[in-house]
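Below are the chains, spelled out letter by letter.
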Amino acid sequence: KQEVTQIPAALSVPEGENLVLNCSFTDSAIYNLQWFRQDPGKGLTSLLLIQSSQREQTSGRLNASLDKSSGRSTLYIAASQPGDSATYLCAVWAAYSGAGSYQLTFGKGTKLSVIP
Amino acid sequence: KAGVTQTPRYLIKTRGQQVTLSCSPISGHRSVSWYQQTPGQGLQFLFEYFSETQRNKGNFPGRFSGRQFSNSRSEMNVSTLELGDSALYLCASSFRSGNTEAFFGQGTRLTVV
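Chains as they are written, first to last, in this note's numbering: chain A, 1 to 116; chain B, 1 to 113.
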């Protein structure tokens, strides 16, 4: 059974700092990996999708890397801003029973607070 | 391009009642998945529909069911509600699950009293 772990569970940093969020998964037979952001009481906003053949993906101040063999992904946030405060969720796409069916398995998230 | 729309946003129900939640995916997306989010368990997969067929179901009791219509809109139903069913229910839309990006709606907050 796939398990996804995110460390740390919570992180508080001063504005302007660069930071790294970590994600690990137990089964390397993943299809893709996706990072999300969730604001309190809201839905999930997709940040980056890394396909299994890719090593990294960039969007603005965000950079995500994927190492399938070691079961790890990192999300790098450059020059953090108070508006980045949210919970960041890592999720892996993997195939399960049922032809052509995939599902996301999520970590518990890292709650980020950026202090002005 | 409209995003994923979930209705209603909030619901309060009494134990033993049943409830139906609705999800309209992004236009052109054929895969709709449902997830339950609680503080203790995090996000857990409920089921996935593709072209009106349930392709996959998570480890939830039979009280949880769903369906998908020909226009890809999906509904999920929970019968005989229990206090533990209180959660944020999230719907995800993707063109084809697995290798395309999933987009989530704002969720339906269900409170069972």
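There could be a bad hint or two in this list.
Label pairs and their in silico Cβ distance ranges [as the list claims (entries may be wrong)]:
1) B:GLY16 to A:SER69: 38 to 44 Å
2) B:ILE12 to A:SER69: 35 to 41 Å
3) B:THR7 to A:SER28: 35 to 41 Å
4) B:SER79 to A:ASN18: 30 to 36 Å
Listed next, the in silico BS3-like pairs over lysine-lysine satisfying Cα-Cα at most 27 Å (straight line) [what the hints assert, rightly or not]:
5) A:LYS108 to A:LYS42
6) A:LYS108 to A:LYS68
7) B:LYS57 to A:LYS68
8) A:LYS68 to B:LYS13
9) A:LYS68 to A:LYS1
10) A:LYS68 to A:LYS111
11) A:LYS42 to B:LYS13
12) B:LYS13 to B:LYS57
13) B:LYS57 to A:LYS42
14) A:LYS1 to A:LYS111
15) B:LYS13 to A:LYS1
Just so you know, the hints here were simulated from the structure itself, not pulled from any lab data. The model shown is predicted, which means the values in this text are computed figures rather than measured ones. Quick reminder that beta carbons are idealized off the backbone N, C-alpha and C, glycines included.
Does the Cβ distance between THR7 (chain B) and SER28 (chain A) fall inside 35 to 41 Å? Between THR7 (chain B) and SER28 (chain A), where Cβ atoms are some 39 Å apart, the hint holds.
Would the hint linking LYS68 (chain A) and LYS13 (chain B) be met if the CA-CA limit is 27 Å? 43 Å, violated
Just to be sure I understand the hint, the distance between the Cβ atoms of SER79 (chain B) and ASN18 (chain A) should be within 30 to 36 Å; is that true here? Check failed, 49 Å falls outside 30 to 36 Å.
Given a hinted range of 35 to 41 Å, is it respected by the beta-carbon distance of ILE12 (chain B) and SER69 (chain A)? 48 Å, violated
Holds or violated: LYS68 (chain A) and LYS1 (chain A), Cα atoms, limit 27 Å. 16 Å, holds
Against the 27 Å threshold, does the CA-CA distance of LYS13 (chain B) and LYS1 (chain A) hold or violate the hint? 33 Å, violated
Holds or violated: LYS42 (chain A) to LYS13 (chain B), with C-alpha atoms at most 27 Å apart: 20 Å, holds
With respect to the beta-carbon atoms only, verify the hint that GLY16 (chain B) and SER69 (chain A) lie 38 to 44 Å apart. 50 Å, violated
Run the distance test for LYS108 (chain A) versus LYS68 (chain A): straight-line Cα separation, threshold 27 Å. 20 Å, holds
Would you check the hint for LYS57 (chain B) and LYS68 (chain A), treating anything up to 27 Å between C-alpha atoms as holding? 26 Å, holds
Restraint status (C-alpha distance of LYS108 (chain A) to LYS42 (chain A) at most 27 Å): 16 Å, holds
Holds or violated: LYS57 (chain B) and LYS42 (chain A), Cα atoms, limit 27 Å. 24 Å, holds
The earlier numbered hints that this structure contradicts are 1, 2, 4, 8, 15.
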